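Novice: Knowing the structure of chain H, use the given hints to seat chain B on it.
There are 2 protein chains.
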Amino acid sequence: MILINGIEADQLSVTDRGLLYGDGVWETIGVVDGKPQLLEWHLERLQQGLQALMIKPPDRDMLRHEISMTCAQQVRCILKLIITRGPGSRGYNPLTVESHTRILQTSPWASYPAEYAGQGIRLHSCETRLAHQPKLAGFKHLNRLEQVLARAEFGDEYQEGLVRDYAGHIIEGTMSNLFVMNEDGSITTPDLQMCGIAGVMRRFIMQTLENFGIQCHIRAVELMEVEQAKALFMTNSLIGLWPVHEFSNKTYQIPPLVRELQAAIQNLP
Amino acid sequence: MILINGIEADQLSVTDRGLLYGDGVWETIGVVDGKPQLLEWHLERLQQGLQALMIKPPDRDMLRHEISMTCAQQVRCILKLIITRGPGSRGYNPLTVESHTRILQTSPWASYPAEYAGQGIRLHSCETRLAHQPKLAGFKHLNRLEQVLARAEFGDEYQEGLVRDYAGHIIEGTMSNLFVMNEDGSITTPDLQMCGIAGVMRRFIMQTLENFGIQCHIRAVELMEVEQAKALFMTNSLIGLWPVHEFSNKTYQIPPLVRELQAAIQNLP
Chain H
1 MILINGIEAD QLSVTDRGLL YGDGVWETIG VVDGKPQLLE WHLERLQQGL QALMIKPPDR
61 DMLRHEISMT CAQQVRCILK LIITRGPGSR GYNPLTVESH TRILQTSPWA SYPAEYAGQG
121 IRLHSCETRL AHQPKLAGFK HLNRLEQVLA RAEFGDEYQE GLVRDYAGHI IEGTMSNLFV
181 MNEDGSITTP DLQMCGIAGV MRRFIMQTLE NFGIQCHIRA VELMEVEQAK ALFMTNSLIG
241 LWPVHEFSNK TYQIPPLVRE LQAAIQNLP
Chain B
1 MILINGIEAD QLSVTDRGLL YGDGVWETIG VVDGKPQLLE WHLERLQQGL QALMIKPPDR
61 DMLRHEISMT CAQQVRCILK LIITRGPGSR GYNPLTVESH TRILQTSPWA SYPAEYAGQG
121 IRLHSCETRL AHQPKLAGFK HLNRLEQVLA RAEFGDEYQE GLVRDYAGHI IEGTMSNLFV
181 MNEDGSITTP DLQMCGIAGV MRRFIMQTLE NFGIQCHIRA VELMEVEQAK ALFMTNSLIG
241 LWPVHEFSNK TYQIPPLVRE LQAAIQNLP
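These protein sequence lines map, in sequence, to chains H and B.
Position 18 of the first sequence, counting from 1, maps to 18 under my numbering, and the rest follow consecutively.
Position 6 of the second sequence, counting from 1, maps to 6 under my numbering, and the rest follow consecutively.
One chain only, chain H, in its complex shape (with noise of 0.2 Å):
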């Protein structure tokens, strides 16, 4: 099912400045028994970036009422919502449009082989750099060429590619955001300031990792920290957790931290 600005339908203009110019946020939900899930945080980082490109928002209540229209019926989906500044006259000044488009979109879930979850996956090192633009940095936006670069860079082989910034630190997967567990069991998660996607599953690991009383620190990650590392593990808000077996020659252990995490994932709000 798709709903655009409230009415089904699959097409949109191509005078939309999402098209034109990737003027516009977007979010992918997890949808379980007609619930979408953590759907409070994605709103959050919604209006973000909604904030940041200075995009009228859509009503609150409107929005949520077409979650629940689209979402009711669906044991088990994927939501994306995408909000762009609507069509446009010629030219980039965003400040004539007054308007926004909603698009509303249900598609089937995601089913990735248990295995990747299970025994883990090999991580593929990316050439593709992230450019530092703090303006753009956290909130997930319709630029995203990026991220289409750095996955055309491996095939079946690899589940998942590990990006750098042009300053050589580790940002997050194509996907997926990292977590990095240390020898002595804290964990680091990299810094999102200049570039990357602050995920909404990387909050939610963030938050339960503060529950279990473990430490995560957020900053600068170097590559031989990763190569050195005790574990490590990727995730979204469609993948989970996913640990990592293999990245660059090494193979890495799954310690019992993981299980719980993706214990406490199996059971989100």
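Hints are computed from structural coordinates only; laboratory data are not their basis.
Certain hints may be false.
[Claimed, not checked] Here are the simulated DMTMM-like cross-link-like pairs (lysine to aspartate or glutamate), alpha carbons at most 25 Å apart as the crow flies:
1) Lys56(B) <-> Glu127(H)
2) Lys140(H) <-> Asp165(B)
3) Lys135(B) <-> Glu222(B)
4) Lys250(B) <-> Glu260(B)
These figures come from a predicted structure and were not determined experimentally.
Specialist: Frame of chain H, contents of chain B only:
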């Protein structure tokens, strides 16, 4: 008139990767008496972009045929040409997609007040900086949020904004390229290896300068050079050439060379 994959239409599937990721390239071409100006150079840059993004290019003859169809009856208009990677299944991976989407759209000619080209423009100094991303520099892709943010900084009191990169170098206007006339009469235009769009009109101006026997240097440009320049001008395919009258509380003269270049633009191939 809008042609999508050769058929008259004005709507696009919401699963098109042009919308989802800005996964595509575009050109804006001036059309005079049914003839798209500097068409070969526009198609060359389009081809470069498609290659950089590994998008299957449209058949050249078919594309030319569609361009002729859209422009044939037009005395004076703008042709916008967008090629996206087409509709895709979920996820960034571009390698599973073998199609593309072609969008050709004509719109009325942009008529700017004659004084912009005559007496010159007021140029705003933008706070928004461009990120260094050599993999996406030079060609005209659909990830344009930096331009949208830069353009949002100023209103009608300015006609264009000058944008720097994070290293502090001057790169371009929000929608145009910059040329600097130095005190010795030589011309400089910023190097675009790390960011920026290498305009087709920029190329025409560089070639025309060469024909005039005037040296045009392509290199990093500092703010101080711009402030101390003898003259400045901005170029793109639709505005042609606008001299800068005022920037950063300084006024600039308009040398005879500007008029000679504007005259050359009147007779574009």
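Novice: The structure should be examined with respect to each hint, and the outcome stated for every one.
Specialist: Structure-based check of all given hints:
1. With a CA separation close to 22 Å, the supplied pair lysine 56(B) and glutamate 127(H) stays within the 25 Å bound.
2. Distance hint between lysine 140(H) and aspartate 165(B) is fulfilled; the C-alpha atoms sit about 22 Å from each other, no more than 25 Å.
3. Between the alpha carbons of lysine 135(B) and glutamate 222(B) the distance comes to roughly 23 Å, so the proposed pair stays at or under 25 Å and holds.
4. Pair hint lysine 250(B) plus glutamate 260(B) holds up; C-alpha atoms about 24 Å apart against a cutoff of 25 Å.
Checked against the numbered hints listed earlier, the structure breaks none of them; every hint is satisfied.
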